[in-house]
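Novice: Hey, can you work out the whole structure from these sequences and the hints?
Each step along the sequence shown adds one to the number in UniProt numbering, with nothing skipped, and position 44 is 44.
Calculated from the structure, these hints are not laboratory results.
Bear in mind that the values here come from a model prediction, so they are computed numbers and not experimental data.
Check each hint, because a few of them may be wrong.
[Unchecked claim] Once the Cα atoms are required to be at most 30 Å apart in a straight line, the calculated DSSO-like pairs of lysine-lysine come out as: (1) K39 / K105; (2) K79 / K105; (3) K30 / K79.
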Amino acid sequence: MNIEELRNYCLSLPDTFDCFPFDEDAMVFKVRLTNGSEKMFGLISLSKPDFIALKCDPEWALELRERHPEITPAYHFNKKHWNGVRVDGVLSRSLICELIDHSYKLVRGRK
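Specialist: Right under this line is the structure:
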């Protein structure tokens, strides 16, 4: 998936938006919660758009990393809870979208 496809998919999820809270290179995807707060569920570097950082259940994160060398602990994030996911065509679009959905649901919580 390219950066526009990633952005469009992330923004298609309810109550989401993108922003640049860290610098002009780090595009962050957030969800607005019912209490008015905002939580990050993804981050992609505009200068290195072949990885997206996504939150993940710790046990599933370990399984994914064992099965897919394209999924690694996310750089500059809590390695237990965040994966760096290669999006340059090695992993399927359906798996990438599943991981985005999982991250979104983790930070949004159950409704």
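Novice: Decide if the proposed pair is consistent with the structure: K79 and K105, CA atoms, cutoff 30 Å inclusive.
Specialist: holds, 19 Å
Novice: Checking one constraint from the list: CA of K30 to CA of K79, max 30 Å. Satisfied?
Specialist: Given pair K30, K79 holds - Cα atoms ~19 Å apart, limit 30 Å.
Novice: Quickly compare the C-alpha distance for K39 and K105 to 30 Å and report which way the hint goes.
Specialist: Holds, at about 11 Å.
Violation of the numbered hints given earlier is absent; every hint is satisfied by the structure.
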